[in-house]
Amino acid sequence: MIAFDYRSPESLAEALAALDEAGDEGKAIAGGTALVILMMQRLVRPGRLVSLRRVPGLDRIEPADGEVRIGALATHRDVETSPVIRERFPVLAETFRHVATLRIRNIATVGGSLAHADPNQDPPVTLMALGARVRIAGPGGERRLPLDEFFVEYYQTALRQNELVVGLELPFPAPGSGSAFIKFLPRTADDYATVAVTANLTLNPDGACREARIALGSVGPTTLRAREVEALLTGERLTEPLLTAAGEAARRAVDPIADQRGSAEYKREMTGVFVRRAIRSAWARARGAGA
Amino acid sequence: MDIPRVAGCIPGVEEIRPLDDSAYRGMLRVQVGPIRLALAGTITVEEQDRNAWRASMRAEASDRKAGGGVRARMTVALLPAEGGTELVVETDLSVLGKIGEFGQPIIRKKADTTMQEFAANLRAALGV
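Line order of the protein sequences matches chains A and B. Position one of the first sequence corresponds to residue 170 (the numbering used here), numbered consecutively onward. Position one of the second sequence corresponds to residue 2 (the numbering used here), numbered consecutively onward.
Keep in mind that the hints were calculated from the coordinates and are not lab data. Wrong hints could be hidden among the right ones.
So, partial list: chain B residues that the calculated Cβ filter (under 10 Å) puts toward chain A [as the list claims (entries may be wrong)]:
1) R37
2) G68
3) K110
Computed beta-carbon distance windows for the label pairs [what the hints assert, rightly or not]:
4) B/E48 x A/D189: 48 to 56 Å
5) B/A82 x A/D189: 48 to 56 Å
6) B/V89 x A/V442: 33 to 41 Å
7) B/E87 x A/G457: 53 to 61 Å
8) A/G226 x B/D113: 41 to 49 Å
9) B/Q49 x A/P308: 31 to 39 Å
10) B/G68 x A/E194: 16 to 24 Å
11) B/T76 x A/E397: 36 to 44 Å
Even for Gly, the Cβ is constructed at its ideal location relative to N, Cα and C.
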């Protein structure tokens, strides 16, 4: 049996204090779907677990000031079924629906998923393409980071040891925007993606692309933005040569690892294929959503 | 070939002690995100060519708590090259047990960066 200290604080301040005190030995746990597995495999052995289960007020999903705010303790299922998310960010609801199984989605939290920073996860791909910002709380107060800057490496984020993710902010999509999420998973339906893409495009009234955000999952040490692809699309109209160029740029953007889901070369090739498809789909939706 | 000095160039290596003429015990600490491994094991020198400055080593180490380990074979050689000397390091690494299940690919990437740092440290120590 592995012994550890377990705290179940009833406020955010108490949780932060418990983490701060534990230093390197402290680890926050919410749903535990990732952490408990790592602990059972004895790969992570925290001296103190700080459970966030009883911390109130962090599970809300609410619109305010031109954005939606998602609390860190909202579950994947909460986001998947939230009326405001389904109405304003249908692609996000769809993305959350693709995660694992219903049993896991009922327990796994949005904040936990971000803090775990596994590049194979689906939600961060769409969240990044939608321009999400992470709200972080620590002993000194709160700070915000764009999601692009939050993931640092495999399983590593910009969080300090004594900080917690407390929420996410998503600006409402601009008029003329469309997005598409594609999860390519050739094995079982509850698997992680071999390649995941979310394309989020905003078009000018004349049909040219004003802004493009393309995020990729499972093809690098973190969820990442395909900035070269984005630059290629900006200011352009959709043509077949543009899509071909975008696919090639996407292949250059990734550094996939060979594993049981495919070789590095295969994943790189599929990145090109699915980025093209996601752009095509997002563009059609953006045209339909024109102001 | 000063094994403790060479092994000391691998980032994360601690406590190298000789076991006999050609074998040493040591500890390698590695971190991948929240996962910290303490790999305890042995390094054995398999061949040494003092004239050609070339050596090959075998290492086996395991993490007692995590129930997995690594096995590696490494050759290090100094070769004359244009403008100076070239340091060539070749490593063949296998990841075993639970660590392997969790993320062979991640460990492989970590091994890449570790070996790069090792080569840089060794180059600096040798002054080449």
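These are the hints, each one checked on the structure:
1. Among the interface hints, the one on B/R37 holds; its C-beta lies about 8 Å from the nearest C-beta in chain A, closer than the 10 Å criterion.
2. With 10 Å as the threshold, the beta carbon of B/G68 comes within range of chain A, its nearest partner Cβ sitting at about 6 Å, so the hint holds.
3. At about 6 Å, the closest approach between the beta carbon of B/K110 and any beta carbon in chain A falls short of 10 Å, and the interface hint on this residue holds.
4. Separated by about 52 Å at the C-beta atoms, B/E48 and A/D189 satisfy the suggested range of 48 to 56 Å.
5. Range check, B/A82 to A/D189: Cβ separation about 52 Å, and the 48 to 56 Å hint holds.
6. Here the CB-CB span from B/V89 to A/V442 is close to 38 Å, well matched to the stated 33 to 41 Å.
7. Against the hinted window of 53 to 61 Å, the Cβ-Cβ separation of B/E87 and A/G457 comes to about 60 Å, which satisfies the hint.
8. Judged by the Cβ atoms, the range 41 to 49 Å given for A/G226 and B/D113 holds: they are separated by roughly 44 Å.
9. For B/Q49 paired with A/P308, a C-beta distance near 54 Å fails the hint of 31 to 39 Å.
10. Against the hinted window of 16 to 24 Å, the Cβ-Cβ separation of B/G68 and A/E194 comes to about 21 Å, which satisfies the hint.
11. Range check, B/T76 to A/E397: about 38 Å between beta-carbon atoms, so the 36 to 44 Å window is met.
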